[in-house]
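Visitor: Sequence:
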Amino acid sequence: MKRSLTIFILIVLSVFKSFGQTNSNPIIAEHYKTKKFDTAIFPASSLDMDPGKRFTPNKEEINRAETNLNSDLKDLNKNKPNQSPATVIHEKLRKYKRQYFGYTDQNGNRILLINCFWSKIKEFNERWLNEKIVVFDGGSYFWQIKFNLDTNELFELYVNDNP
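Heads up: the sequence shown begins at 1 in my numbering, then just goes up one per residue.
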């Protein structure tokens, strides 16, 4: 009886152990890459987002935001905050990977938060599809901007401080 109970417990533990095993880096974002940009589209259920009503951006919305980044970023970046000549963001836009998060603001506008980081920084290349990349310095290697889907306007450009 004792042996049967021990075998039963071992079987139960092995079954529960297999249920508890998860991939340490589950991909939660959709990877959307074209010849012009490389993006991660995070779902509404993502926890790496500001509070508020969230939505999952679609590829058409990403394409609209990317079109505006290419045409309007230079004007928003005219003062080039925290940027060196080697990393002026509107001149090096293709060198950045982007993470897209969708939310609705308090006025009901659908907003895309675009989180950008220098693609050659290898330490983020394994995590960028799993979590929001957050860095507190790093200058223009890390920046964010928002895009209002209802007005087709970019706003709130923020370039990280230099170390």
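Everything labelled a hint here was simulated from the structure, so no lab data went into it. Treat the numbers as computed from the prediction; the structure is a model and nothing was measured. Be aware that a few hints might be false.
What the hints assert, rightly or not - Pairwise CB distance ranges (calculated):
id	residue 1	residue 2	range
1	P85	K53	15 to 25 Å
2	A86	D150	29 to 39 Å
3	N107	P163	32 to 42 Å
4	P85	P43	17 to 27 Å
5	N152	K122	12 to 22 Å
6	K78	S45	36 to 46 Å
7	T34	K120	15 to 25 Å
8	E91	N125	14 to 24 Å
9	S45	N79	12 to 22 Å
10	E153	K80	13 to 23 Å
Just so you know, even glycine gets a beta-carbon here, dropped at the ideal spot from N, CA and C.
Visitor: The structure should be examined with respect to each hint, and the outcome stated for every one.
Guide: Tested hints:
1. P85 / K53: 15 to 25 Å: violated, 41 Å
2. A86 / D150: 29 to 39 Å: holds, 36 Å
3. N107 / P163: 32 to 42 Å: For N107 and P163 the Cβ distance comes to about 36 Å; the hint holds.
4. P85 / P43: 17 to 27 Å: violated, 38 Å
5. N152 / K122: 12 to 22 Å: violated, 34 Å
6. K78 / S45: 36 to 46 Å: holds, 37 Å
7. T34 / K120: 15 to 25 Å: Holds: the Cβ-Cβ distance is about 19 Å, inside 15 to 25 Å.
8. E91 / N125: 14 to 24 Å: Roughly 22 Å apart at Cβ, these two residues keep to the hinted range, so it holds.
9. S45 / N79: 12 to 22 Å: violated, 37 Å
10. E153 / K80: 13 to 23 Å: holds, 20 Å
Violated hints for the displayed structure, listed by number in ascending order: 1, 4, 5, 9.
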